[in-house]
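Asker: As a plain string of letters, each chain reads:
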Amino acid sequence: MSQKNNLISKEQVLHVAKLAKLSLSDTEVELFSEQLSHILGYANELRDLDLSNYPPTSHPIELENIFREDVVIESISNKKVIDNAPQSSNGQFLVPPILND
Amino acid sequence: MTIQNNSTDDSEYSEYEPTIGLEVHCELKTATKLWCGCKNSFGEQPNTLICPVCLGLPGSLPVLNKKAVEYAIRIGLALNCTVQPSIFHRKNYFYPDMPKDFQISQYDIPINTDGYVLLTDGSKVGIVRAHIEEDTGKSTHFSSSGRIHESTATLIDYNRAGIPLVEIVSAPDITSSEMAKSYVNELRNIIVATGATDGKMEEGSLRVDANVSVKKKDQIELGTRCEIKNLNSLRSLGKAIDYEIDRQIQLLNSQKKVIQQTRHFNEDLNQTVTLRTKEEAEDYRYFPEPDLVSLNPTGEWINEIKLNMPKLLIDRRQSVIELIKDSKEMSQLIGTVNTLVDQQLDTLFIETVGFGSDPTLTLKRLTNEAANSIDAAKKLNSKELAYLINLETSGKVSSTQSKAILSNLLENTSETVDSIISRLNIQSFGDKEIEQLLDNLILEKQDEFKRFVDGDDKVIQFFIGQVMKLTKGQANGKSVTQILLKKRNG
Ligand SMILES: [Zn+2]
Numbered sequence: 001m002s003q004k005n006n007l008i009s010k011e012q013v014l015h016v017a018k019l020a021k022l023s024l025s026d027t028e029v030e031l032f033s034e035q036l037s038h039i040l041g042y043a044n045e046l047r048d049l050d051l052s053n054y055p056p057t058s059h060p061i062e063l064e065n066i067f068r069e070d071v072v073i074e075s076i077s078n079k080k081v082i083d084n085a086p087q088s089s090n091g092q093f094l095v096p097p098i099l100n101d
Numbered sequence: 102m103t104i105q106n107n108s109t110d111d112s113e114y115s116e117y118e119p120t121i122g123l124e125v126h127c128e129l130k131t132a133t134k135l136w137c138g139c140k141n142s143f144g145e146q147p148n149t150l151i152c153p154v155c156l157g158l159p160g161s162l163p164v165l166n167k168k169a170v171e172y173a174i175r176i177g178l179a180l181n182c183t184v185q186p187s188i189f190h191r192k193n194y195f196y197p198d199m200p201k202d203f204q205i206s207q208y209d210i211p212i213n214t215d216g217y218v219l220l221t222d223g224s225k226v227g228i229v230r231a232h233i234e235e236d237t238g239k240s241t242h243f244s245s246s247g248r249i250h251e252s253t254a255t256l257i258d259y260n261r262a263g264i265p266l267v268e269i270v271s272a273p274d275i276t277s278s279e280m281a282k283s284y285v286n287e288l289r290n291i292i293v294a295t296g297a298t299d300g301k302m303e304e305g306s307l308r309v310d311a312n313v314s315v316k317k318k319d320q321i322e323l324g325t326r327c328e329i330k331n332l333n334s335l336r337s338l339g340k341a342i343d344y345e346i347d348r349q350i351q352l353l354n355s356q357k358k359v360i361q362q363t364r365h366f367n368e369d370l371n372q373t374v375t376l377r378t379k380e381e382a383e384d385y386r387y388f389p390e391p392d393l394v395s396l397n398p399t400g401e402w403i404n405e406i407k408l409n410m411p412k413l414l415i416d417r418r419q420s421v422i423e424l425i426k427d428s429k430e431m432s433q434l435i436g437t438v439n440t441l442v443d444q445q446l447d448t449l450f451i452e453t454v455g456f457g458s459d460p461t462l463t464l465k466r467l468t469n470e471a472a473n474s475i476d477a478a479k480k481l482n483s484k485e486l487a488y489l490i491n492l493e494t495s496g497k498v499s500s501t502q503s504k505a506i507l508s509n510l511l512e513n514t515s516e517t518v519d520s521i522i523s524r525l526n527i528q529s530f531g532d533k534e535i536e537q538l539l540d541n542l543i544l545e546k547q548d549e550f551k552r553f554v555d556g557d558d559k560v561i562q563f564f565i566g567q568v569m570k571l572t573k574g575q576a577n578g579k580s581v582t583q584i585l586l587k588k589r590n591g
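Chains as they are written, first to last, in the numbering used here: chain A, 1 to 101; chain B, 102 to 591.
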């Protein structure tokens, strides 16, 4: 498929990759541009259907109002949680600085 | 009011006007978090109130807390909003305070829309929406200098992650820092009265983001706005807004552009500083949360919530006003009524007046004398309080005596007024006793009495002073005045 026909341009792929903190090679950018375009192209076919009699749905399962009562359930221990952390300090997760510019 | 940054009195500044919209985040007082059964509690050991759901571990699923929805609806009703069917969205961003790498929030279809808040001066601020979302974890930045920009590492505590929040977004109807403070104060009082939140800014259970822009007065289009994050006191809110208005006007006046960005208020420097510039980072790629179904509160449930929720602030103030509306001082008492209700003493007031005490005097005693010990005041027995106020109104105890008895009553709310009177040896100086004292005084101070008889009313104070000296402040000044006037008029 030629670049011209792609619904998702290479620039858009790079933008989304940046938001997702992914670094892609040129080949991957090309590949994903094509694959994402295919997916959107398929979604576009749905536009041809007459859906005027169907209200928009936000979820494929027809359920609403699924609740839990406000009752405390015991949490897991700090040790168990922190044991999984790559780095910790005094029971807290230690992560690289957030704002460093 | 002191004017800061000279922004309002400098003529070149007067051609600009600020536009301010506020986002207020309030934590809900549920027992558990929004999506899991972890305890909702402030000030616990870090990372002890967490589970696979609020840590965002693979395979865990959120289930909506019914009480949180009820509280959100209470807030919506108190803010005159429409409560509507809504859905949840994922707001995607990379920031370690959200372990899932997204925050579950409401986007285009929030639970509450289109409300308003009436400020105490009568002005109105529109509420665009009040939606449900989860709080993030708490990050502490490590650095040798203490500055956020120079931090070397960040510590994360997820106890707060997943605590239910309602975010209340105002319309850009606010035009000054004073109005912003007045709005937040009134909003806080309203939502605290619903019982849904405790509104403690100092503990971070109520946090404010301010969107500020300025434009020339004749310009229709709004100026470029900056968002100031996480203002956690009314004082910082006011200062940050004043600084930001001034900064933007100075930029525009020197032909520079305001850049749309997120800013942080530095309390020490008293100024706002850039946190991040809005560009791609603001692309949150919202999409419907597939792990949650839609929220569609039935009319029946909303009605039940409305019926069972605590009385609205505005109605509580009205109930007090009804009782004092015949008072001559009514117009000066409105602020006092608000204070009474904000301090949760209105129920006690209404009960006390129900026992026959004078409403105006009861209001004054509760908001002045009891103001320094609110917690004790809440425990006061309304019948005893009414008894005390009645003793004062009928002149059986003086106002000084009454205040002394009340302060003893506040120290031990289970003691009776009569027991305090006998314990403190408070003597009631009735009109007869006072008249006797006055008769003796008049013989001693004939010159003064003659001046009074000749029409010099200032001498009344002199006699009150003398009587007070003799009774160690236990006589009623009003009685002294009345008796003297009776003597002069024959
Ligand atoms: Zn949890």
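Rather than coming from a laboratory, the hints here were simulated on the basis of the structure. Built from N, CA and C at the ideal position, the CB exists for glycine as well. The reader is advised that the hints may include incorrect statements.
As the list claims (entries may be wrong) - Using 20 Å as the maximum straight-line C-alpha spacing, the simulated SDA-like pairs for lysine to any residue come out as follows:
1) B:K167 x A:F67
2) B:K357 x B:N404
3) B:K201 x A:D26
4) B:K201 x A:A20
5) B:K201 x A:Q35
6) B:K239 x A:I82
7) A:K18 x B:K357
8) B:K480 x B:N469
9) A:K80 x B:P159
10) B:K201 x A:P86
11) A:K21 x B:R524
12) A:K21 x B:R377
13) B:K504 x B:E536
14) A:K21 x B:F195
15) B:K239 x A:P86
16) A:K18 x B:R524
Unchecked claim - These stretches of chain A come out as covered by chain B in the derived footprint (C-beta under 8 Å, 3 or more residues):
17) 31-43
18) 50-56
19) 62-71
Claimed, not checked - Now the in silico label distances, taken between C-beta atoms and shown as ranges:
20) B:G436 x A:D83: 29 to 35 Å
21) B:W402 x A:K18: 14 to 20 Å
22) A:N84 x B:G296: 35 to 41 Å
23) A:F67 x B:P159: 20 to 26 Å
24) B:K317 x A:D83: 34 to 40 Å
25) A:I66 x B:T494: 28 to 34 Å
26) A:F67 x B:Y217: 25 to 31 Å
27) B:N397 x A:V16: 29 to 35 Å
28) A:H59 x B:V374: 21 to 27 Å
Asker: All the hints need checking, so say for each whether the structure fits it.
Answerer: Hints, one by one, checked against the model:
The hinted pair formed by B:K167 and A:F67 meets the criterion: a straight-line CA distance of about 5 Å does not exceed 20 Å. Pair hint B:K357 plus B:N404 does not hold up; C-alpha atoms about 53 Å apart against a cutoff of 20 Å. Between the alpha carbons of B:K201 and A:D26 the distance comes to roughly 29 Å, so the proposed pair goes past 20 Å and is violated. Note on B:K201 and A:A20: the hinted pairing holds, with a Cα-Cα distance of about 13 Å set against a maximum of 20 Å.
Of the pairs offered as hints, the one joining B:K201 and A:Q35 is violated, with about 26 Å between alpha carbons and a cut-off of 20 Å exceeded. The suggested pairing of B:K239 with A:I82 holds, with an alpha-carbon distance near 16 Å, which does not exceed 20 Å. The suggested pairing of A:K18 with B:K357 is violated, with an alpha-carbon distance near 30 Å, which exceeds 20 Å. The straight-line distance between the Cα atoms of B:K480 and B:N469 is roughly 16 Å, inside the 20 Å bound, and the hint therefore holds.
With a CA separation close to 16 Å, the supplied pair A:K80 and B:P159 stays within the 20 Å bound. Between B:K201 and A:P86 the CA atoms are separated by roughly 16 Å; this keeps the pair inside 20 Å, and the hint holds. Among the hinted pairs, A:K21 with B:R524 is inconsistent with the structure: their alpha-carbon atoms are about 76 Å apart, more than 20 Å. A hinted pair counts as satisfied when its Cα atoms are at most 20 Å apart, and A:K21 with B:R377 qualifies at roughly 17 Å.
The suggested pairing of B:K504 with B:E536 is violated, with an alpha-carbon distance near 24 Å, which exceeds 20 Å. With a C-alpha separation of about 8 Å, the suggested pairing of A:K21 with B:F195 holds against the 20 Å cut-off. Taking the CA atoms of B:K239 and A:P86, the gap is about 18 Å. The hint holds against a cut of 20 Å. At most 20 Å may separate the alpha-carbon atoms for a hinted pair to count; A:K18 and B:R524 exceed this at roughly 78 Å.
Counting residues of the segment 31-43 of chain A whose C-beta sits closer than 8 Å to any C-beta of chain B gives 0, which falls short of three, so the coverage hint is violated. Residues of the segment 50-56 of chain A lying with their CB closer than 8 Å to a CB of chain B number 0, which falls below the three-residue condition for coverage. Counting residues of the segment 62-71 of chain A whose C-beta sits closer than 8 Å to any C-beta of chain B gives 9, which meets the bar of three, so the coverage hint holds. One distance hint, 29 to 35 Å for the beta-carbon pair B:G436 and A:D83, is violated here, with the actual separation near 57 Å.
Remark: the range hint 14 to 20 Å for B:W402 to A:K18 is contradicted by a beta-carbon distance near 44 Å. The given range of 35 to 41 Å is respected by A:N84 and B:G296, whose C-beta atoms sit roughly 38 Å from each other. In this structure, A:F67 and B:P159 meet the distance hint of 20 to 26 Å, their C-beta atoms being roughly 24 Å apart. For the pair B:K317 and A:D83, the beta carbons lie near 60 Å from each other, so the given range of 34 to 40 Å is not met.
Taken as a hint, the range 28 to 34 Å is violated for the pair A:I66 and B:T494, whose Cβ atoms sit roughly 59 Å apart. Checked against the hint of 25 to 31 Å, the pair A:F67 and B:Y217 passes, with Cβ atoms roughly 29 Å apart. Taking the beta carbon of each, B:N397 and A:V16 are about 33 Å apart, inside 29 to 35 Å as hinted. As the Cβ distance of A:H59 to B:V374 is approximately 42 Å, the hint placing it in 21 to 27 Å is violated.
In the structure shown, a violation is registered for the earlier hints numbered 2, 3, 5, 7, 11, 13, 16, 17, 18, 20, 21, 24, 25, 28, in ascending order.
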